[in-house]
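Asks: Chains A and B are the protein sequences, given in the same order. For the first sequence, position 148 (counting from the first letter as 1) is numbered 148 according to our numbering, and the numbering increases by one without interruption. Start counting at 1 in the second sequence, then tack on 1000, and there's your number in our numbering.
Possibly wrong hints are sitting among the right ones.
Pair ranges (Cβ atoms, derived) [unchecked claim]:
| no. | chain 1 | residue 1 | chain 2 | residue 2 | range |
| --- | --- | --- | --- | --- | --- |
| 1 | B | Glu1143 | A | Phe104 | 17 to 23 Å |
| 2 | B | Leu1081 | A | Phe104 | 55 to 61 Å |
| 3 | B | Pro1042 | A | Gly96 | 26 to 32 Å |
| 4 | B | Arg1094 | A | Thr131 | 43 to 49 Å |
| 5 | B | Gln1153 | A | Thr131 | 32 to 38 Å |
| 6 | B | Arg1068 | A | Asp133 | 15 to 21 Å |
| 7 | B | Ser1085 | A | Arg145 | 42 to 48 Å |
| 8 | B | Pro1042 | A | Gly94 | 52 to 58 Å |
| 9 | B | Pro1042 | A | Ser148 | 22 to 28 Å |
| 10 | A | Arg145 | B | Pro1042 | 23 to 29 Å |
| 11 | A | Ala100 | B | Glu1140 | 55 to 61 Å |
For the chain B half of the interface with chain A, some residues (derived, Cβ under 10 Å), not all of them [said to hold, decoys possible]:
| no. | residue |
| --- | --- |
| 12 | Lys1037 |
| 13 | Lys1040 |
| 14 | Arg1041 |
| 15 | Ile1061 |
| 16 | Phe1062 |
| 17 | Arg1066 |
| 18 | Leu1069 |
| 19 | Lys1073 |
| 20 | Arg1108 |
| 21 | Ala1109 |
| 22 | Val1125 |
| 23 | Pro1128 |
| 24 | Trp1131 |
| 25 | Leu1135 |
| 26 | Ala1148 |
| 27 | Gly1151 |
Simulated from the structure, these hints should not be mistaken for laboratory data. Glycine included, every Cβ here is placed at the ideal spot set by N, Cα and C.
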Amino acid sequence: MNENRSRNHLTDAELFGLAIPAVGSPEALPSHLSDCLACSRSLHEWKGAVRDVADDMGPLGDRTSEAWTGAQDQTMRAIRRTRFARPALPLRWGVGVAAALLLFALALPLQRPTAPATPSGPSASAPDLSTQDQADDALLRDVARLASAEETGGSWSTLVPEPGTANGEEERL
Amino acid sequence: MNRRTNARAAIRFFVLAAAVAGVALPMLSEQDFPEGKWWKRPRLAAEINLSPEQSREIEKIFVNSRTRLIDLKADLEKKQLALQSSMEDRGADRRTVEKEIETLENARAELQKARALMVLDMKQVLKPDQWDHLLQLQQEMRERRLMAREGRQNYRQGGPFRRTPNR
């Protein structure tokens, strides 16, 4: 029986009762608290929250019914804050994981290889030629240039030195 | 008797061939056939209504001439280099240079002939109006290029707004 009790943690209601004991009755601490570090820590937090609220509210004798209602609400809010403070770490982790997933999703299209915009091959309507066609194109242009002796740098006639000078280069210089 | 007739026929054939080559080759080069692989340019092909069959046929003609064109081009370039080094050599023998010029021009003629015959075969594939249109497009392109070149020269000489002085 005791074993079962030590395994089952104290509920919020039990912790609340321990943190704000009834007036006049001594604070009875269950033996579970001495065994369970988590429950003892929770009780400590509850007590801290109650103390904070009490500090904010001022002397008890001056309170009106609205002040009591306000204090009650404030206490409940403090309790809720305490209760939700526990999953704060997992929540932070969750936000981090979500951010990482979002970044991954955004970066994914950049990693994907871009598909060719137009099909390649002889029937393609794209203006760019294939590597072989480019080489052939260059060959035909060179042949046309050489065959018609249009080139200026390689033609033998341009190599004849200028009359009156030893070298054509000297004339230019 | 038969031998003499054959010799005459052969001479006649060579004279005729030389005449045809002498007239046809300059004509083809003057017309300045479109450069490069024009049949692979989609816009040009569409402009002259080139069918896929014609394109394939022209490609085949080019492929058949390609190896010879590569060889002749390399030969011409080698001869150009040889002549260039002779011309740069002050002590070069006049006879040697003369021979090199001859061989260079012969190589050029060979290349020109190979190109002209290839163009001639390509021309056979096209319909007359396609051929005319192709030459017309080439002419337009050449004029545009010339105008652009003149514009650049004018700009270099005195800027785009330079005017010739009034006399």
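Asks: Determine for every hint whether it applies to the structure shown.
Replies: Quick rundown of the hints versus the structure:
no. : hint                                : result
1   : B/Glu1143 with A/Phe104: 17 to 23 Å : violated, 57 Å
2   : B/Leu1081 with A/Phe104: 55 to 61 Å : holds, 59 Å
3   : B/Pro1042 with A/Gly96: 26 to 32 Å  : violated, 53 Å
4   : B/Arg1094 with A/Thr131: 43 to 49 Å : holds, 46 Å
5   : B/Gln1153 with A/Thr131: 32 to 38 Å : holds, 35 Å
6   : B/Arg1068 with A/Asp133: 15 to 21 Å : holds, 19 Å
7   : B/Ser1085 with A/Arg145: 42 to 48 Å : violated, 21 Å
8   : B/Pro1042 with A/Gly94: 52 to 58 Å  : holds, 55 Å
9   : B/Pro1042 with A/Ser148: 22 to 28 Å : holds, 27 Å
10  : A/Arg145 with B/Pro1042: 23 to 29 Å : holds, 24 Å
11  : A/Ala100 with B/Glu1140: 55 to 61 Å : holds, 60 Å
12  : Lys1037                             : holds, 4 Å
13  : Lys1040                             : holds, 5 Å
14  : Arg1041                             : holds, 7 Å
15  : Ile1061                             : violated, 12 Å
16  : Phe1062                             : holds, 7 Å
17  : Arg1066                             : holds, 7 Å
18  : Leu1069                             : holds, 5 Å
19  : Lys1073                             : holds, 6 Å
20  : Arg1108                             : holds, 6 Å
21  : Ala1109                             : holds, 9 Å
22  : Val1125                             : violated, 16 Å
23  : Pro1128                             : violated, 23 Å
24  : Trp1131                             : violated, 17 Å
25  : Leu1135                             : violated, 14 Å
26  : Ala1148                             : violated, 17 Å
27  : Gly1151                             : violated, 20 Å
The earlier numbered hints that this structure contradicts are 1, 3, 7, 15, 22, 23, 24, 25, 26, 27.
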